[in-house]
Amino acid sequence: MSADMFMLELFSKDARAHCATMSSNIFSGGEFSPEECRAAAASLKADAKMLGFEVFAGACQALENAFATGGGRPSEDSAAARVVKILSDCADAPLLELEQKIESSSSALSSVLEEGVSLPPQEHSAAPQNLREQDSAPDSEGKSALDADDSMAAMFLDETRAQLANMGQLLIDIEDDFKNPQKLERLMRACHSMKGAARVVGLSDIVDLTHKMEDCFVAAQNSEMELDSDSLDVILDCVDFIYSLCEIKFSKIDKAKLKECMDALGALASGAGPASTVGPEESASGGAVLDARSPVSDSNSHEDSIQFPQLSVSQLSGAGRRNGAARDSAVKVSAKNLRALMELAAESLVENAKIEIFRENLSELKTSQQRLAGVLEQALCLLEGVRGAESSMERIESVRRGMESTLADLRAQIGEIGEYSRRSAQLSSRLYSEVLASKMRPLAEGVQMFPRMVRDLAKSAGKKIILEIDGRDVPVDRDVLDKLESPLTQILRNACDHGIESPDERAALGKPAKGRISIKAWHAAGFLMLKVSDDGVGMDIGKIREKILQKKLATPEMLENMSGQEIMAFLFLPGFTTKENVSKLSGRGVGLDIVHTMLQEVGGTIEVESEVGVGTSFTMRLPITRSVMKSLGASIDGQLYAFPLSKVSATAIVRRDEISFEGGRRYFLHSNRKVALVDAARALGFEKLRTDSDFSYVVVVAGAHESFGFEVDDMPFEVDLVVRPLHPLLGKVQCVSATSIAEDGAPVLILDIDDIILSAKKVLESSESVDNATGVSEKSAAKKILVVDDSATVRETQRKILQQAGFAVELASDGVDGWNCVRLNHYDLIVSDIDMPRMNGFELVKKIRARDKLVPIIMVSYKDRREDGERSLEVGANMHLTKSSFSDDTFIDCVKKFLNPS
Amino acid sequence: MDFEKKIAARCWATDGIWGDAVCPELARVGHCHNCAVYMRAGADFIERVRRGRKDGEASAPAGGSEPSEPIPAGDRTGKERSYLLFKCADFNFALPMEVVREIANSRPTHRIPHRKDKVLSGLSNINGELVITVDILRLMDLGQSKCDAGKMVVCAAGDDKFAFNADFVWGVARAGERELLPFEDDKPYAAFIYGFFLHNGQKFLLIDCELFFHALTRKYL
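In the order they appear, the protein sequences are chains A and B. For the first sequence, the tail end lands on 902 under our numbering, and the numbers increase by one without skipping. For the second sequence, the tail end lands on 221 under our numbering, and the numbers increase by one without skipping.
Source of the hints: derived by calculation from the structure; they are not laboratory data. Remember, predicted model here, so these are calculated numbers, not experimental data. Among these hints, one or two may not hold up.
What the hints assert, rightly or not - On the chain B side, residues computed to face chain A include the following (Cβ under 10 angstroms):
(1) THR109
(2) ALA191
(3) GLY195
Said to hold, decoys possible - Derived list of chain B stretches under chain A, where covered just means 3 residues or more per stretch with a C-beta under 8 angstroms from a C-beta of chain A:
(4) 12 to 26
(5) 111 to 118
(6) 121 to 127
Glycine is no exception: its CB is placed at the ideal position from the N, C-alpha and C atoms.
Isolated chain B, as found in the complex:
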């Protein structure tokens, strides 16, 4: 498998240390960080961001996508916005970058006494600040998030900051208004989904921030 194919397949997340860790290269390099494929993916990403800034083109997400399939430019897709793409259980979500404050490694969460609601996971120390941690899967009635692996996404509406665990953060992508398609489902979580868009052949559900923060501040705290 050549570099491009490996990058497109995101081998570090499948066979690499963020996946099953079965890649034979691991024995030699120890960690994906030291692997030429991963380094190339990183270099490609930075180059795309640089090019995107320079030409006003859309930048591709972190971690590599097919360079031959750039997100169409703004005039064809409507007004574009940047979204953080992440995965929780079997769902891929997108969150507008305006509300994202930080991506941190997962860290211990201190439970809150006498609070039975499972949406509120507790408090986590993120860079010296105790941030309220929530379970977005429980919030949307989609099960329970894993809290010991992956990343923590810190987002904020005004001064109200929340963190939640995500199994994997794909990176940042830009998508235009016209790429957003209406999302319909009978299940309760549909209320939290503003719409969806396709990226690299995957479906990303865009979280309705207004309702997301409303529910967190009013219903569960």
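With the rest of the complex left out, here is chain A:
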């Protein structure tokens, strides 16, 4: 990520947080705090200024002024609320579109700002509009009606989402046959059900919209109107709109967008006749369930909030309820809880294994008892017939009998413990499997958006493409499922853009006019296989060869020896593309790179097969779950590590006489290939004295161009490990991708094979330690500056400016954080903001001055206020600057003046 993107990301995070603060104050039914909004607007303004978003900053300034003046909660149609909404929309834009979104919103912002942004007087500030409208309702204590009946709201949202998904699929299917009566009927029914449900919960706008959609399908059924691809676009747009409202739980309805949808549907219907003249109230549809008790709100209201009257569940449409019941009910569980559950289940498995040890101990006790009983038996035999030994024999016999009885008890106990152990092991194991299974979801959940996407892409490219999905029910770990979206999108975009030919080209080639893309999923050998194939133009291996040579990625001799698969692998290099022209969809050569990166992340592989004129297929091999990893456990420097089995080529025992030396490196031959031998402990950065044993246990791992053999302490063993993420506080640990716990409870680190290969190369290149940190001396020579500011954007801006000037920078997020840094480290200069949570800049400077009179301190504030400047100097700062000084050289000149006075 470039530095600018990094700044943009920080800005985006800050902006979302600040907008959320303002939105929750203005639009929710909770308490309204102008001060909280003012602080959010002020921080956002500073961030926007930092990135040069002037209009955005101006809007924040206007909001800051309005909130500072005080007053009551602005109504939802007030200028202030609209500004906050526009800012929130910008903040919510995807990172790559953020700048564009801010730019395109500038004119809207300017026009709202012209109206003047202010808050209504306190006495008029009532609850937001959605609540004001129902002041007479029983629930008028500032709690939204949605909150008042969560179960009803959730049921409505669930039903609507299900119907929309159903419609989305049907609309794509119907494109093959616009007059298909069954599909038209199902579409009409879906609209009808949504309309009924919307009426029950009093969403009049949605009732109207779905009614119009229903009309279109009725008209199509009656042949009064002909559906075509363009009219489907209109209806799909409406489906998207309702879906987007579902996502925000109908908290706000964008009236402009609603009107746009209604108008477009109206235009469709008017082309078909007066089908939509029947008002929703008069429509027979849904009348049975939609009785007079459903108070459809005034459709003239500007922005409706969902208002669910207190109706019984039975009033929701039957179709919806059936749908809800039929679906695999899923509940949201926090990732943290799920992780804790998995850890406990794994621990219970480990603990359970210890019961077996008790049983074994008891068995040993039984054996020794048996031995003793045997000795007594022998003694009795020896004494038999000996005169005068009768009484002794009697006593021995009674002891023997006692022992027999004890032994019987012991046997019974061992049996019971064994039984208990088995039952308990079974339960733990089932618990563990169930917890693991709870992370699995059907593939369908990760691919349901693709038919629509392919349809839209095909349409925009003037092509006809069918997407077939086979294996929708195949279970996939939800972590893997989440990761699948972007690579699949990329492959499908490529296929739509330059895989499938235009209908004319296809006709000329004798292919059916409709191109076919298929996604096929299945499980094989513990892996999820995903194959995406198209019957398009295919890839010309000759062209790829040319590109490789052109880009000097390999020599002609190297290419000669490469297999087709190896040549295809170049497609996954960043920036590699065979396309001469960049289109809107693809051709920049970044797409397959993304695919490759994702696959590496989840520990998968990809293979490409292609034949010119026949098509291309990408076969991905992914772990079914990221929760359990098949691994090769090995002890390295006395501690347990795991190599992911999918990355291990072989294991070997290498005798000393099999090792050859070449240029200071050690090699051995494995399957007639030279394998570089590396001490795994050294590759992990441990200083290990090599023992001169006669042989080594080696794990062989294949790199891109060569193989490496990692010497481990003892014989590696295969093990299934439950993968746990690395502790977030550790950040990225070189050579380690995850952690786990072995059966005996010992921690295990799972190795990052690409990383350890890199590390091995360094070990081989240098006989010195791997960690010869080059930057350390540089770092220690640079003057060290502490930057204390509560805005991430401002901190990063200062860091950039200071680092560019050659200073070492440390950041602190507030006064307390800054004070702790000062207590632990020495700094050559400190830069601090004034207005910060927990401890403000003035307090911080006072504390610093109490222990260090000399360190130069620069205070920076948003405003050029004289009193800030005076107070800064009064508490002991050496200088006061405004944040505008970052944009010119004032700030850095000032820092340099303090640190390099010469």
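On the provided structure of chain A, position chain B as indicated by the hints.
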């Protein structure tokens, strides 16, 4: 030596199995757990805790102190807080109980590759959770902790959990604000010490949690 004297001298930590194991009673009882002195110390402790809860008095630390020398009540000592008292090398430390999550037996720590800083010892499995283990003596520049004996103290600031090895955990004590005395020393570890208080004639250095967790999360991880 009578029971009270033995309890006051904490014989289990000196002559007993947590000490030199030279107590002649060990031959008979096998382990301090089975010794009447230890049992009495435990019973006394529970009784003091119960009494403390009932009367609002300060509870005495685990392992027994002189019952005749209770920690003064809150009104004489200022606002009271509970502290975990433990020993690392030659230092006795106190840590506010609010941050203490668990005391576990010492267990193996897995080192972290490519992390040269000795403050970070590695990861330990504590009840199925891999917890970051640190060396607090190294953190404070006081040498190196023993990692194969004693106890592991698990403490947390928010969601950030850390474990460290302590040679011995004395127990929990309450101390009032006014009992806390300022601690001054030129050595680097002084920055981590908020103050000290005396308990049973021993000096306990109160760790400054704010800086302790700040240093662990920012400086060493």
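Hint by hint, here is what the structure shows:
Contact between THR109(B) and chain A, as hinted, is supported at the beta carbon level, the nearest pair being about 8 angstroms apart and thus within 10 angstroms. For ALA191(B), the interface hint holds, since its Cβ comes within 10 angstroms of a Cβ in chain A; the closest pair sits about 5 angstroms apart. Below 10 angstroms, beta-carbon pairs count as interface contacts, and GLY195(B) has none with chain A, the closest being about 15 angstroms; its hint is therefore violated. Under the rule that three or more residues need a Cβ within less than 8 angstroms of chain A, the assignment of the region 12 to 26 of chain B is violated, with 0 such residues.
By the rule of at least three residues with a Cβ nearer than 8 angstroms to a Cβ of chain A, the coverage given for the region 111 to 118 of chain B holds, with 6 such residues. Counting residues of the region 121 to 127 of chain B whose CB falls under 8 angstroms from any CB of chain A gives 5; the rule of at least 3 is met.
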